[in-house]
Amino acid sequence: MADYNMMEMMISVASRELENGATVGVGTGAPCAAAMLAQKMASPELIIMFEAGGISPELPEMPISVGDSRTFHKALMAGSMGDIMESCSRGFVDYTFLGGAQIDMYGNLNSTVIGDHANPKVRLPGSGGANDFASFCWRMMVMTPQDARRFVEKVDFMTTPGWLEGGDSRAESGLPLDAGPYKIITNMAVMDFEPVSKRMRIISVNPGYSLQDIQDNCGFELLKADKIVETQAPTEEELRILREEVDPYGYVIGR
Amino acid sequence: MADYNMMEMMISVASRELENGATVGVGTGAPCAAAMLAQKMASPELIIMFEAGGISPELPEMPISVGDSRTFHKALMAGSMGDIMESCSRGFVDYTFLGGAQIDMYGNLNSTVIGDHANPKVRLPGSGGANDFASFCWRMMVMTPQDARRFVEKVDFMTTPGWLEGGDSRAESGLPLDAGPYKIITNMAVMDFEPVSKRMRIISVNPGYSLQDIQDNCGFELLKADKIVETQAPTEEELRILREEVDPYGYVIGR
Amino acid sequence: MEILDQGKGELFVDPDPDKLRGFFRGKNRKLIDKCMTLKDAVDKFVNNGDYLGIGGFGANRTPIAACHEILRQGKKNLGFAGHTATHDMQILSAGEAYDRIDVAYVVGLEARGLSSCSRKYLESGKVKITEWTNYSLTVRLQAAAMGVPYLPARNIMGTDTFNYSAAKMAECPFTGKKLALLPALSPDVSFIHVHEADMYGNARFKGIATSDIDLAKASKRLIITCERLISNDEIRRDPSSTKIPYFLVDAVCEVPYGAYPGTMPYEYFSDEEHIKEWMSTEKDPDAFKEFLDRNIYNVKDNDGYIMENGGLKKMQKLRRKEFLFKEED
Amino acid sequence: MEILDQGKGELFVDPDPDKLRGFFRGKNRKLIDKCMTLKDAVDKFVNNGDYLGIGGFGANRTPIAACHEILRQGKKNLGFAGHTATHDMQILSAGEAYDRIDVAYVVGLEARGLSSCSRKYLESGKVKITEWTNYSLTVRLQAAAMGVPYLPARNIMGTDTFNYSAAKMAECPFTGKKLALLPALSPDVSFIHVHEADMYGNARFKGIATSDIDLAKASKRLIITCERLISNDEIRRDPSSTKIPYFLVDAVCEVPYGAYPGTMPYEYFSDEEHIKEWMSTEKDPDAFKEFLDRNIYNVKDNDGYIMENGGLKKMQKLRRKEFLFKEED
Chain A
21 MADYNMMEMM ISVASRELEN GATVGVGTGA PCAAAMLAQK MASPELIIMF
71 EAGGISPELP EMPISVGDSR TFHKALMAGS MGDIMESCSR GFVDYTFLGG
121 AQIDMYGNLN STVIGDHANP KVRLPGSGGA NDFASFCWRM MVMTPQDARR
171 FVEKVDFMTT PGWLEGGDSR AESGLPLDAG PYKIITNMAV MDFEPVSKRM
221 RIISVNPGYS LQDIQDNCGF ELLKADKIVE TQAPTEEELR ILREEVDPYG
271 YVIGR
Chain B
21 MADYNMMEMM ISVASRELEN GATVGVGTGA PCAAAMLAQK MASPELIIMF
71 EAGGISPELP EMPISVGDSR TFHKALMAGS MGDIMESCSR GFVDYTFLGG
121 AQIDMYGNLN STVIGDHANP KVRLPGSGGA NDFASFCWRM MVMTPQDARR
171 FVEKVDFMTT PGWLEGGDSR AESGLPLDAG PYKIITNMAV MDFEPVSKRM
221 RIISVNPGYS LQDIQDNCGF ELLKADKIVE TQAPTEEELR ILREEVDPYG
271 YVIGR
Chain C
270 MEILDQGKGE LFVDPDPDKL RGFFRGKNRK LIDKCMTLKD AVDKFVNNGD
320 YLGIGGFGAN RTPIAACHEI LRQGKKNLGF AGHTATHDMQ ILSAGEAYDR
370 IDVAYVVGLE ARGLSSCSRK YLESGKVKIT EWTNYSLTVR LQAAAMGVPY
420 LPARNIMGTD TFNYSAAKMA ECPFTGKKLA LLPALSPDVS FIHVHEADMY
470 GNARFKGIAT SDIDLAKASK RLIITCERLI SNDEIRRDPS STKIPYFLVD
520 AVCEVPYGAY PGTMPYEYFS DEEHIKEWMS TEKDPDAFKE FLDRNIYNVK
570 DNDGYIMENG GLKKMQKLRR KEFLFKEED
Chain D
270 MEILDQGKGE LFVDPDPDKL RGFFRGKNRK LIDKCMTLKD AVDKFVNNGD
320 YLGIGGFGAN RTPIAACHEI LRQGKKNLGF AGHTATHDMQ ILSAGEAYDR
370 IDVAYVVGLE ARGLSSCSRK YLESGKVKIT EWTNYSLTVR LQAAAMGVPY
420 LPARNIMGTD TFNYSAAKMA ECPFTGKKLA LLPALSPDVS FIHVHEADMY
470 GNARFKGIAT SDIDLAKASK RLIITCERLI SNDEIRRDPS STKIPYFLVD
520 AVCEVPYGAY PGTMPYEYFS DEEHIKEWMS TEKDPDAFKE FLDRNIYNVK
570 DNDGYIMENG GLKKMQKLRR KEFLFKEED
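Chains as they are written, first to last, in my numbering: chain A, 21 to 275; chain B, 21 to 275; chain C, 270 to 598; chain D, 270 to 598.
FYI, nobody ran anything at the bench for these hints, they're computed from the structure. Predicted model only: the values in this text are computed from it and were never measured. Heads up, the beta-carbon is just placed ideally off N, CA and C, and yes, glycines get one too. One thing to keep in mind: the hints can contain errors.
To be verified - Now the stretches of chain D that chain C is said to cover, found in silico as 3 or more residues with beta-carbon under 8 angstroms: (1) 368 to 376; (2) 395 to 401.
Stated by the list, open to error - Taking lysine to aspartate or glutamate and the DMTMM-like style, the derived pairs with C-alpha atoms no more than 20 angstroms apart in a straight line are: (3) D:Lys558 x D:Glu365; (4) C:Lys446 x B:Asp198; (5) A:Lys174 x A:Glu185; (6) D:Lys447 x D:Asp457; (7) D:Lys397 x D:Glu440; (8) A:Lys60 x A:Glu185; (9) C:Lys288 x C:Asp312; (10) C:Lys299 x A:Glu78; (11) D:Lys446 x C:Asp507; (12) D:Lys296 x B:Asp198; (13) C:Lys595 x B:Asp198; (14) D:Lys558 x D:Asp570; (15) C:Lys558 x C:Glu542; (16) B:Lys247 x B:Asp212; (17) D:Lys299 x B:Glu65; (18) B:Lys94 x D:Asp570; (19) C:Lys345 x C:Asp457; (20) D:Lys389 x A:Glu256; (21) C:Lys446 x D:Asp283; (22) D:Lys590 x C:Asp507; (23) C:Lys395 x C:Glu577; (24) C:Lys590 x B:Asp136; (25) D:Lys277 x A:Glu65; (26) D:Lys586 x D:Glu542; (27) C:Lys296 x A:Asp198; (28) A:Lys94 x C:Asp319; (29) C:Lys447 x D:Glu440; (30) C:Lys303 x A:Glu65; (31) C:Lys395 x B:Glu78; (32) D:Lys586 x A:Glu256; (33) D:Lys446 x A:Glu192; (34) D:Lys447 x C:Glu271.
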């Protein structure tokens, strides 16, 4: 088995979710690395969109900002934020990757405040485009370390919609139908959402971890799929491309 | 007194309403000729906008269409219809000139149907941008021959808003406040609108016509301003520029 | 939401954004070669009964060749967005291709006068008509482009244009002002003529945009006709110039002079003599039938139409006119 | 109109479109020379208490020089549209220039981490905060650009982002669907940095537009900073490239490297070392004060700032980085 770190694991797993010919709205960092890796593996025709306006660039290196020159380097179009978000709103964008300081069992995310909004312990950036992407893109995914302080019973502030309070609550909220959280990818596991309750559910366990490890590092009770498999570790090929081509300076994978 | 025809009279009178530094939304034909004449007379800095997107062209000749190449020849911007109409909606456009098959005492215009909408005697083009310009531009003006079949008690179809039913009815309609019909320029007279009732009112009489002529050629009772003056006929200079520079082929002035 | 008033016109297209999303979810996002003949594109993507959008403004950068092909293939019962529809409307009326229309500007050809053919067809009772304005149709397309079921606007209120539209009126919850609510308009299929496109459908044009960007975004299926195909490398060299991204596009048809007899900015000016011929010939049914046969029904494609009307020599002349060169003849 | 729900955030700007129309009615439409120094422009057009808009996205094509000048002139009590506000936010926080903010993205500098200066100021209790998202701020600007008091959207519903916004929720009268209604946002004064502008304010840029077109239309007063002045003849040679027409613009300031230390596409890449210096220095109050004095308060203008940070040699280096040339040193 190849030697790899947590970021490499999550990025590799995430990249495999992006099938050829799909569209993905990404931010900087790990999501962008996952999309780039997917393009260099099984999905050469994956279309990457950046919220500030860049459509399908030939990325020469990892962007620092979702609006920097790299995001429209040899792109098909350098448009506007409206162009991208309207495409998302009209249902043209299949996937997005988001993150947050907190996530709950319905995949709701907090990136606004820890503590009270008026007197926060920590003020965070806010939604940015996260709420927009999560509202509009068909399948929202999260890459995040598994940690009980992060996976909480109730987020301090629901910045970005997951399945809201579960069940049909998202469909009733006014948000576009049939879109929502899809996979949660951590260093320990991959989770999806049970179709009726919309609660987070373990579907695969990463090599070296047990179901108990996963539950111990989660602040709420995780459901378990009927059949739980072992997550495929990063392949030699994935690691080589990730390290040599996608992120040679280790900005994201930190090597 | 110079020899001139009806179109030359109306265009000259209309052109004098367009003060230097104002913005005007125009269509093809007489409105465009009036704006071009104004630019060559007292208002070199008059800004012409065409609804399809052209902003402030150096018009090399009369456009055939409000979207043809001439409308953005050496223009400041070749934008979109949204760019123009949004500018109108935000209050950036001072004047517009419109026409119609029928006009009533409140300056409402019909360019949709003569007769019943379902079974019209004559189907006309519809609003085009007329309703939009009349809704948004601060001062709407009309150039039209004075004729009782055209100046009617009630328009068969109110395509384009004037002062609606007069009084405060326009302010109550939801249309932007303080905008509305300003001057009606015919071959016989210039009319404005009495400020309270918003009824059409004669303010100046063209050379060679009497108040009686004007009323005889109008299907409703015209108010009369306290002081009615004689309209200034086209000057030699106006006629020379109109004939030699603005419309040398007589597309509009028909010479 | 309390509705203060509403027009009695028929709403021809469902403004439900979730249905539109469902459709777009299934649209292929891959970079595939979409080049085909205009004949194949119309055959494949235009169904009888579809609601049709036509780009450009008046007879400027308007996909006239596409309108001819629709007639040649005898497409019927179309809905039509009459958004400053001039010569395109005249052609579609000659073929009685549509039976319902959202009117902003129809029948007229601007300074050129009224089309008796368009007028007669609209007066025939065969066509359902809902009234709008140029900007309100733009805003309706914009609503669909944004993926919302309506957008508010401050025009058309107080008029019969509102009364015969399918708009509604409601109070603004922030200001108490009355607003016209304009329902989203998403054509089943639209044609837009541009200067240049690559094989995937990335398209660019110069000059005014009219409402084509929103039309492109709003349309379920989109066919690009272009003066010239260009390489994908050229698109990628200058991504700031791309106006329509490929994923909106279903077919790319290289149709030189595809806007003739209208104007294509920076390429050729309108052929006013030929348009005049249209306007006068359509008054005489027999002559008009012969005229349509000669110009549309009996020619194979747009090349045939161009050859019928002076060929490349005429196109060169119209190019000189576009660039304001003094006439030589 | 029945309101189903509404956020409890404060609405900082009146969305009344008639008031906006009244303001724009009085705006000079003449082609006059609007060139002035950035110092004069800030002095003349930015008042204490104004609501401020800043163009660009993150630290890309962002008018950083304008933010410095706002600090130098000690402007206070501004409102601020925090629309992916990164380094601009950091500067304005360092000067405590604003006291209320519409938040979409703040505090962070994207992949570079969080600004402790911005964070501390937002946590200080001195700032009123209303929550939004990037796209909802774009839509709010678009509403003002269209001259309507609100636009509907389908995001933010169901979340605390909605609850702490000033949006409302109502049913769509066409589809029965719930919609978020986003009130128009018209900044009192905004700054946009572009590649080129003429003396009247006709402006153009290359690369992504972010939300600058709507910001330009929505703003009551607009100051363009540009890398280069160009002639009006050049604007008229290619009117398709004009992105912002002159009549929206109040001042044109030629400020080469006006987006430094951020990226200006096709001109220079961001100076990551200098931004890193900001991020580390701001953690130490004394060092930060000295740093701000050296880079902002004690320099006369942006030229001084550039000279302080490596001058033209550094700019050449960042240009090579923008064009992906291999480093020489």
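To see whether the hints hold, each was checked on the structure:
With 0 residues carrying a beta carbon less than 8 angstroms from a beta carbon of chain C, the stretch 368 to 376 of chain D misses the three-residue requirement, and the given coverage is violated. Against chain C, the stretch 395 to 401 of chain D contributes 0 residues with a C-beta closer than 8 angstroms to a partner C-beta. That does not satisfy the three-residue criterion, and the hint is violated. At roughly 13 angstroms between alpha-carbon atoms, lysine 558 (chain D) and glutamate 365 (chain D) fall within 20 angstroms of each other, so this suggested pair holds. Only pairs whose Cα atoms come within 20 angstroms are accepted, and lysine 446 (chain C) paired with aspartate 198 (chain B) is accepted, the gap being roughly 14 angstroms.
For the suggested pair lysine 174 (chain A) and glutamate 185 (chain A), the alpha carbons sit about 10 angstroms apart, so the restraint of at most 20 angstroms is met. For the hint pairing lysine 447 (chain D) with aspartate 457 (chain D), the CA-to-CA distance comes to about 31 angstroms; that exceeds 20 angstroms, so the pair is violated. Between lysine 397 (chain D) and glutamate 440 (chain D) the CA atoms are separated by roughly 30 angstroms; this puts the pair beyond 20 angstroms, and the hint is violated. A threshold of 20 angstroms between alpha carbons decides the hint, and for lysine 60 (chain A) with glutamate 185 (chain A) the separation of about 38 angstroms lies outside it, so the pair is violated.
Restraint check for lysine 288 (chain C) and aspartate 312 (chain C): not satisfied, since their Cα atoms lie roughly 24 angstroms apart, outside the 20 angstroms limit. With a C-alpha separation of about 15 angstroms, the suggested pairing of lysine 299 (chain C) with glutamate 78 (chain A) holds against the 20 angstroms cut-off. This hinted pair does not check out: lysine 446 (chain D) and aspartate 507 (chain C) have alpha carbons roughly 40 angstroms apart, beyond 20 angstroms. As the CA atoms of lysine 296 (chain D) and aspartate 198 (chain B) are separated by approximately 16 angstroms, the hinted pair is consistent with the 20 angstroms bound.
As the CA atoms of lysine 595 (chain C) and aspartate 198 (chain B) are separated by approximately 47 angstroms, the hinted pair breaks the 20 angstroms bound. Distance restraint check for lysine 558 (chain D) and aspartate 570 (chain D): the Cα-Cα separation of roughly 18 angstroms lies within the 20 angstroms cut-off, and the hinted pair is therefore satisfied. A hinted pair counts as satisfied when its Cα atoms are at most 20 angstroms apart, and lysine 558 (chain C) with glutamate 542 (chain C) qualifies at roughly 19 angstroms. For a cut-off of 20 angstroms, the pair hint linking lysine 247 (chain B) to aspartate 212 (chain B) stands: about 12 angstroms separates their Cα positions.
The straight-line distance between the Cα atoms of lysine 299 (chain D) and glutamate 65 (chain B) is roughly 6 angstroms, inside the 20 angstroms bound, and the hint therefore holds. The hinted pair formed by lysine 94 (chain B) and aspartate 570 (chain D) fails the criterion: a straight-line CA distance of about 36 angstroms is larger than 20 angstroms. Pair hint lysine 345 (chain C) plus aspartate 457 (chain C) holds up; C-alpha atoms about 14 angstroms apart against a cutoff of 20 angstroms. A C-alpha spacing of about 44 angstroms is found between lysine 389 (chain D) and glutamate 256 (chain A), which places the hinted pair above 20 angstroms, so the restraint is violated.
Between lysine 446 (chain C) and aspartate 283 (chain D), the direct Cα distance comes to roughly 13 angstroms. Compliance with the 20 angstroms bound is thereby established for this hinted pair. Straight-line distance between C-alpha atoms of lysine 590 (chain D) and aspartate 507 (chain C) comes to about 19 angstroms, which keeps the hinted pair within the 20 angstroms bound. A threshold of 20 angstroms between alpha carbons decides the hint, and for lysine 395 (chain C) with glutamate 577 (chain C) the separation of about 32 angstroms lies outside it, so the pair is violated. For a cut-off of 20 angstroms, the pair hint linking lysine 590 (chain C) to aspartate 136 (chain B) is broken: about 43 angstroms separates their Cα positions.
The suggested pairing of lysine 277 (chain D) with glutamate 65 (chain A) is violated, with an alpha-carbon distance near 44 angstroms, which exceeds 20 angstroms. Simply put, lysine 586 (chain D) and glutamate 542 (chain D) have alpha-carbon atoms about 12 angstroms apart, close enough for the 20 angstroms limit, and the pair holds. Proximity of lysine 296 (chain C) to aspartate 198 (chain A) is assessed by CA-CA distance (about 16 angstroms); at most 20 angstroms being required, the pair is judged to hold. This hinted pair does not check out: lysine 94 (chain A) and aspartate 319 (chain C) have alpha carbons roughly 37 angstroms apart, beyond 20 angstroms.
About 16 angstroms separates the Cα atoms of lysine 447 (chain C) and glutamate 440 (chain D), which keeps this hinted pair within 20 angstroms; it holds. For a cut-off of 20 angstroms, the pair hint linking lysine 303 (chain C) to glutamate 65 (chain A) stands: about 15 angstroms separates their Cα positions. For a cut-off of 20 angstroms, the pair hint linking lysine 395 (chain C) to glutamate 78 (chain B) is broken: about 44 angstroms separates their Cα positions. Taking the CA atoms of lysine 586 (chain D) and glutamate 256 (chain A), the gap is near 37 angstroms; set against the 20 angstroms cutoff, the hint is violated.
With a C-alpha separation of about 9 angstroms, the suggested pairing of lysine 446 (chain D) with glutamate 192 (chain A) holds against the 20 angstroms cut-off. Restraint check for lysine 447 (chain D) and glutamate 271 (chain C): satisfied, since their Cα atoms lie roughly 14 angstroms apart, inside the 20 angstroms limit.
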